[in-house]
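Enquirer: If you're matching them up, the sequences are chains D and Z in order.
Take the first sequence: its position 212, counting from 1, is numbered 228 in this note's numbering, and each next residue is one higher.
Take the second sequence: its position 241, counting from 1, is numbered 257 in this note's numbering, and each next residue is one higher.
Bear in mind the hints are in silico, worked out from the structure with no lab data behind them.
Please note that the accuracy of each hint is not assured.
To be verified - Here are the simulated DSS-like pairs of lysine-lysine, each with C-alpha atoms no more than 25 angstroms apart in a straight line:
{"#": "1", "chain 1": "D", "residue 1": "Lys196", "chain 2": "Z", "residue 2": "Lys196"}
{"#": "2", "chain 1": "Z", "residue 1": "Lys76", "chain 2": "D", "residue 2": "Lys76"}
{"#": "3", "chain 1": "Z", "residue 1": "Lys98", "chain 2": "D", "residue 2": "Lys76"}
2 protein chains.
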Amino acid sequence: MKSIKIKSTINFQKLFSMWILAFVLVLSIQAQRPAAPRVPRIVSPEISADNKVTFRLFSKEATSVILTGDWMAAGVSQPLVKNDTGLWTTTTAPLKPEFYNYYFTVNGVRAIDPSNPKILRDGSRYSSALFIPGTESDGYAIKDVPHGTVAKVWYNSTSLKLYRRMYVYTPAGYEDTSNKYPVLYLLHGGGGDEDQWTTLARATYIMDNLIAGGKAKPMIVVMTNGNANQTSAVTDWPDVTDKNISGSGGGMTEEFPNSIVKDVIPYVEKHYRVLANKENRAIAGLSMGALQTQITSVNNPGMFDYTGVFSIGIQTEFGDLTTRLTKAYDENLDKIKKSGYKVFFVGVGKDDFVYEGVQLLRKKLDEHSFKYIYRETSGGHTWANWRIYLSEFAPMLFK
Amino acid sequence: MKSIKIKSTINFQKLFSMWILAFVLVLSIQAQRPAAPRVPRIVSPEISADNKVTFRLFSKEATSVILTGDWMAAGVSQPLVKNDTGLWTTTTAPLKPEFYNYYFTVNGVRAIDPSNPKILRDGSRYSSALFIPGTESDGYAIKDVPHGTVAKVWYNSTSLKLYRRMYVYTPAGYEDTSNKYPVLYLLHGGGGDEDQWTTLARATYIMDNLIAGGKAKPMIVVMTNGNANQTSAVTDWPDVTDKNISGSGGGMTEEFPNSIVKDVIPYVEKHYRVLANKENRAIAGLSMGALQTQITSVNNPGMFDYTGVFSIGIQTEFGDLTTRLTKAYDENLDKIKKSGYKVFFVGVGKDDFVYEGVQLLRKKLDEHSFKYIYRETSGGHTWANWRIYLSEFAPMLFK
Numbered sequence: 017m018k019s020i021k022i023k024s025t026i027n028f029q030k031l032f033s034m035w036i037l038a039f040v041l042v043l044s045i046q047a048q049r050p051a052a053p054r055v056p057r058i059v060s061p062e063i064s065a066d067n068k069v070t071f072r073l074f075s076k077e078a079t080s081v082i083l084t085g086d087w088m089a090a091g092v093s094q095p096l097v098k099n100d101t102g103l104w105t106t107t108t109a110p111l112k113p114e115f116y117n118y119y120f121t122v123n124g125v126r127a128i129d130p131s132n133p134k135i136l137r138d139g140s141r142y143s144s145a146l147f148i149p150g151t152e153s154d155g156y157a158i159k160d161v162p163h164g165t166v167a168k169v170w171y172n173s174t175s176l177k178l179y180r181r182m183y184v185y186t187p188a189g190y191e192d193t194s195n196k197y198p199v200l201y202l203l204h205g206g207g208g209d210e211d212q213w214t215t216l217a218r219a220t221y222i223m224d225n226l227i228a229g230g231k232a233k234p235m236i237v238v239m240t241n242g243n244a245n246q247t248s249a250v251t252d253w254p255d256v257t258d259k260n261i262s263g264s265g266g267g268m269t270e271e272f273p274n275s276i277v278k279d280v281i282p283y284v285e286k287h288y289r290v291l292a293n294k295e296n297r298a299i300a301g302l303s304m305g306a307l308q309t310q311i312t313s314v315n316n317p318g319m320f321d322y323t324g325v326f327s328i329g330i331q332t333e334f335g336d337l338t339t340r341l342t343k344a345y346d347e348n349l350d351k352i353k354k355s356g357y358k359v360f361f362v363g364v365g366k367d368d369f370v371y372e373g374v375q376l377l378r379k380k381l382d383e384h385s386f387k388y389i390y391r392e393t394s395g396g397h398t399w400a401n402w403r404i405y406l407s408e409f410a411p412m413l414f415k
Numbered sequence: 017m018k019s020i021k022i023k024s025t026i027n028f029q030k031l032f033s034m035w036i037l038a039f040v041l042v043l044s045i046q047a048q049r050p051a052a053p054r055v056p057r058i059v060s061p062e063i064s065a066d067n068k069v070t071f072r073l074f075s076k077e078a079t080s081v082i083l084t085g086d087w088m089a090a091g092v093s094q095p096l097v098k099n100d101t102g103l104w105t106t107t108t109a110p111l112k113p114e115f116y117n118y119y120f121t122v123n124g125v126r127a128i129d130p131s132n133p134k135i136l137r138d139g140s141r142y143s144s145a146l147f148i149p150g151t152e153s154d155g156y157a158i159k160d161v162p163h164g165t166v167a168k169v170w171y172n173s174t175s176l177k178l179y180r181r182m183y184v185y186t187p188a189g190y191e192d193t194s195n196k197y198p199v200l201y202l203l204h205g206g207g208g209d210e211d212q213w214t215t216l217a218r219a220t221y222i223m224d225n226l227i228a229g230g231k232a233k234p235m236i237v238v239m240t241n242g243n244a245n246q247t248s249a250v251t252d253w254p255d256v257t258d259k260n261i262s263g264s265g266g267g268m269t270e271e272f273p274n275s276i277v278k279d280v281i282p283y284v285e286k287h288y289r290v291l292a293n294k295e296n297r298a299i300a301g302l303s304m305g306a307l308q309t310q311i312t313s314v315n316n317p318g319m320f321d322y323t324g325v326f327s328i329g330i331q332t333e334f335g336d337l338t339t340r341l342t343k344a345y346d347e348n349l350d351k352i353k354k355s356g357y358k359v360f361f362v363g364v365g366k367d368d369f370v371y372e373g374v375q376l377l378r379k380k381l382d383e384h385s386f387k388y389i390y391r392e393t394s395g396g397h398t399w400a401n402w403r404i405y406l407s408e409f410a411p412m413l414f415k
């Protein structure tokens with residue numbers, strides 16, 4: 017914008033900037049939103065060249081500010097130190113490139129970092145997001161590549177008797193062709209909902225990057241809500257709770273797996289341009305979603321050429337559900353072999369609490385000479401691992 | 017689920033529940049997410065039968081907790097009071113049914129309510145959401161009615177030289193017909209982005225309710241990002257900032273209005289089933305978006321039969337931009353009359369700081385004997401008013 021003089025002494029550009037500032041300020045106030053406490057402009061988090069991260073928070077009144085981040089061991093946290101202006105600061109040791117989350121505890125209250133606009137929800141709890149760029153995190157960085165469309169879609173689940181929501185990712189270019197696409201059904205874990213893969217796992221950015229790099233085929237990715245008694249993520253629950261709504265849960269039965277086959281797949285294959293055959297149908301899930309994946313895939317021979325089981329196996333703790341799953345494996349693995357399949361992927365972290373169950377799953381597959389790909393990573397039941405498994409599984413699909 | 021006995025003394029249902037609980041807990045811990053401070057289960061906010069609202073927060077360590085809500089006058093806030101267990105509480109006077117937001121200030125730090133999973137973002141600041149049901153807020157309640165699909169769509173803006181994001185709402189039923197639909201282009205205000213109409217204004221739920229009730233025609237609603245130098249909301253900015261990204265702003269020029277005509281409308285009319293004529297094209301915006309709406313509509317006679325100008329007019333403070341807008345009015349109003357149009361809607365609150373500018377706009381329209389609908393509400397530059405204007409404007413469209 018050019019600076020022009022008006023009424024001889026007024027710099028218009030300056031006036032204009034001031035007006036904009038006033039405008040935004042007044043907007044805030046007039047929108048019945050009292051101004052937040054006046055704090056200096058703070059940068060937090062700040063990543064140094066050697067990947068140390070500095071966190072800052074301003075408060076003269078606070079007497080205790082603690083940082084808790086998911087790079088720390090369970091139960092560990094790190095205090096911030098206050099200087100005489102009221103600025104609280106702490107710096108970490110160098111962190112591995114990764115997508116982390118963290119929060120402050122301010123005089124006993126959990127708080128997101130007010131200086132960081134990127135946040136994450138896990139169930140009903142919010143944290144602030146921290147992305148450390150580097151080779152290890154490059155695959156799920158938000159980049160300047162073509163992005164797919166992410167749609168929040170409502171569908172009727174006749175089998176669950178619920179009007180429900182799911183996310184449908186259509187790859188970049190979907191709208192510009194009349195091509196039909198293969199579909200990956202991607203199931204979240206316990207305590208989560210249909211948001212989880214897109215936020216904590218960055219699934220859509222992983223897919224954007226893999227597809228842009230020619231590493232994965234363009235595909236539709238359907239991310240459902242696996243809580244069989246829930247319409248949607250809590251963020252979109254009706255304001256006035258009615259009978260068609262409930263808390264999370266209801267994911268540890270066959271109900272949701274059945275509804276994938278009866279409601280979700282038919283909806284997707286009717287409403288999107290889909291290659292509707294087993295060669296172009298994949299299913300994968302993490303933790304609770306990996307249990308649902310097994311139930312869905314193994315009970316429906318000839319439906320999926322690709323199955324991804326991330327971080328759960330045949331867990332003895334599930335009692336009757338496990339008995340039925342084991343029976344399904346025994347009855348159907350030969351049928352699946354007969355109908356043909358391409359990839360059965362099993363991934364688990366060395367330190368994962370479900371590790372033994374995953375070994376029981378491997379034993380079961382071996383018993384039936386059922387070929388599968390086994391991927392053992394370091395670490396435990398973590399988003400870091402689920403991002404890795406998706407990043408490795410998706411390139412195997414539909415080839 | 018039936019309760020069955022296993023190993024004679026174990027109640028399976030109880031075991032199962034415990035396992036689920038352990039599962040979720042272990043998930044939290046193993047996901048390298050240290051547990052939050054152990055706090056009792058708290059209900060906050062709680063709305064009483066007479067619409068008083070009680071807010072609660074637990075902290076033994078805090079010494080000052082203050083509530084700030086957008087129902088309060090600017091600068092006003094309300095302290096919470098601590099009891100001897102560490103529970104902080106305060107109750108408001110009865111509140112009018114409305115969609116509010118609020119936050120706590122805990123020892124000087126702004127914090128969302130940890131007990132409330134519904135939050136709102138305005139720019140880079142987060143608040144907790146509070147919906148008080150009642151006649152006045154019924155139009156934008158989240159209800160058990162058919163919901164449209166809300167898609168986050170990326171498009172190339174040739175004129176702005178940016179790959180950018182917008183939201184596209186397709187009404188319930190869009191996917192089930194081959195019908196073509198009219199389109200409303202809906203523009204956000206200063207400091208906001210493409211999220212704003214869907215979150216703070218609840219535009220998609222307003223449309224769901226109006227359409228389900230037969231009050232508005234099914235239509236596509238396109239919600240753009242009006243900051244001409246921004247790719248998307250900050251939440252989806254690239255992790256590693258590059259040249260194609262910038263802060264908000266760049267909305268107070270003709271650049272974005274030009275890109276609506278050159279890039280947005282062509283994209284939408286190519287990729288969606290659209291009735292692509294002026295009879296089926298509407299544009300509306302709030303505040304900065306209302307300025308952009310005027311610029312777009314008045315500079316393009318014969319493009320829109322419906323124009324909605326919410327809470328801005330001909331503001332003398334905008335200097336040269338206002339001069340050009342005024343000139344456009346003088347040159348084009350007769351052309352618009354000649355080409356034909358249906359509704360030119362102007363809405364403003366009695367206490368709005370842009371009130372005088374809106375009266376100048378009315379004067380200009382009157383000068384040219386240009387028919388318009390004027391709606392004056394109580395209050396100021398508020399989301400409450402913008403929800404009202406959208407709720408009244410949408411039913412006038414495409415009839």
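Enquirer: Check whether the Cα positions of Lys196 (chain D) and Lys196 (chain Z) lie no farther apart than 25 angstroms.
Expert: Holds, at about 22 angstroms.
Enquirer: Given the proposed pairing of Lys98 (chain Z) with Lys76 (chain D), does the C-alpha separation stay at or below 25 angstroms?
Expert: holds (20 angstroms)
Enquirer: If you draw a straight line from the CA of Lys76 (chain Z) to the CA of Lys76 (chain D), is it 25 angstroms or shorter?
Expert: holds (19 angstroms)
Consistency note: the structure conflicts with none of the earlier hints.
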